[in-house]
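> Based on the provided sequences and hints, a complete structural model is requested.
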Amino acid sequence: MTTKPFGLFRKRQFNPTRFVVFSFGAIILTGTVLLMLPWASTSGESAGLMTALFTSTSATCVTGLALVDTATSWTIFGQGVILLMIQMGGLGFMTVLTLFSLALNRRINLSERLLIVSTLNLTDTDGVVRVARNALRLTFAVEGAGALILAFRFVPEYGLAGGIWRGVFTSVSAMCNAGFDLMGPEAGGSLMRYQKDPVVLLVIMFLIVFGGLGFFVWEDIRRAGRWRNLRLYSRMVLVMTGALIVLGAVYFMAVEWNNPNTMGELAPGWKVLNSFFQSVTLRTAGFYSIPQGTMHDSSMVMSSVLMLIGGSSGSTAGGLKTVTVAVLLLTLRAGLRGNSEVTVRRRTIDQERIINAMTLFMVVVILFFAGSMAISLLDEVHYLEAAFETASALGTVGLTTGITPILSGASHVLLIALMFLGRVGVLSFSIAFLTVGGGKNNIHYPTYNVMIG
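Numbering (this note's numbering), first residue to last: 1 to 453.
Just so you know, these hints were derived from the structure itself, not from any lab. Just so it is clear, the structure is predicted and the values come from calculations on it, not from any experiment. Backbone N, C-alpha and C define an ideal beta-carbon position, used for all residues, glycine too. Hints are not guaranteed to be accurate.
Distance windows between CB atoms, simulated [claimed, not checked]:
hint	residue 1	residue 2	range
1	Glu265	Phe22	45 to 51 Å
2	Arg347	Ile406	46 to 52 Å
3	Leu336	Arg231	39 to 45 Å
4	Gly409	Gly453	28 to 34 Å
5	Pro405	Thr75	39 to 45 Å
6	Tyr383	Leu336	29 to 35 Å
Here it is, written out as structure tokens:
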């Protein structure tokens, strides 16, 4: 008798990573069909295949890039579909199914545990159901608190129903690092209207960072209680997250302080706040409080770098991930010192993890340059704008200089592919479809020393 995960696959044919890839694809296709329905669009007519597919992919992959304005182009039904896809894409398909299994007091079997491990990017099945349960509870609690605070701020402007709906939508979008908003074009785009509103900006910043830390880190913080009891991985995540936020904010303050097209007209206090918000939102969130297309070129380059780094493993964020970059930096340090082993805090990082980090880095870099050059050539846009758009899609960020709607159909298809790869994970995608078997080689060849440098 074989075990079937949620009755879908036989155990001997079961591949958890492949199932995750297919589940995201299924959500995207379902969302596309729903968004193509006439009552999903405010025009009363179908939005069309490309608009629906692009929006569905962006929502499920928690990116935020859009061909049409979310507030004015979609009905409440359409917005509800987008919100549901954001939530499922942020938590992961298997985590949502776990919620229903727990609600029905249904036992989670081994195959399903492997799916949860793959979805949350954990290392093993030990305590995985507890992690998933706590992640769900904490997610809904934090989203609820964020929605309540934001609703109090939005109700005076949009009315009771409109304010509550915008509070809920914005909170879920921020927590899942999606970047979709319902502020409408009259607000100047995203959160431009609230660049002098500390309540809105600080709440959304908190939700973005919280969602980008990762479910494993949440569980470890809950378990440890204090810094010295945290696992090494959690410490690396928190240190890298803090360092990137602070360094990014300092950079934007230094470069954009006197730029009249971004922060130059703001008071010093608001410049500091918006610099930190810009640094935080680049962790794959997609909201913005200052114009993105009018930043200095160097700021756009820094933004692209931070977007490609992204958040942490097992979180709602995309990108290379913070610890992946930390491992690469530690490898660089070891190489410069002539050390054969990569160590951190009296621990040696496994060679397989180092190879995985380098592989992921190289694949992302190749995709980034290939994608940005392709968009620049296809639509004859400035390369830096194309690079910014590519980094935003691949890092599942959602920020744009404003060129998304005017790009060609070929570029839109390319962005859809990049968003999907960025969310599912380049390395997971390759493991799912390109590897057979795995493990160590049984045949060893003679060593050959090549010249380096």
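> So, for every hint listed, does it hold in this structure?
Comparing the hints with the structure gives:
1. Glu265 with Phe22: 45 to 51 Å: Holds, since glutamate 265 and phenylalanine 22 (Cβ atoms, about 49 Å apart) stay within the stated range.
2. Arg347 with Ile406: 46 to 52 Å: holds, 50 Å
3. Leu336 with Arg231: 39 to 45 Å: violated, 27 Å
4. Gly409 with Gly453: 28 to 34 Å: violated, 44 Å
5. Pro405 with Thr75: 39 to 45 Å: About 20 Å separates the Cβ atoms of proline 405 and threonine 75, which means 39 to 45 Å is violated.
6. Tyr383 with Leu336: 29 to 35 Å: Because 31 Å falls inside the window, the suggested range holds.
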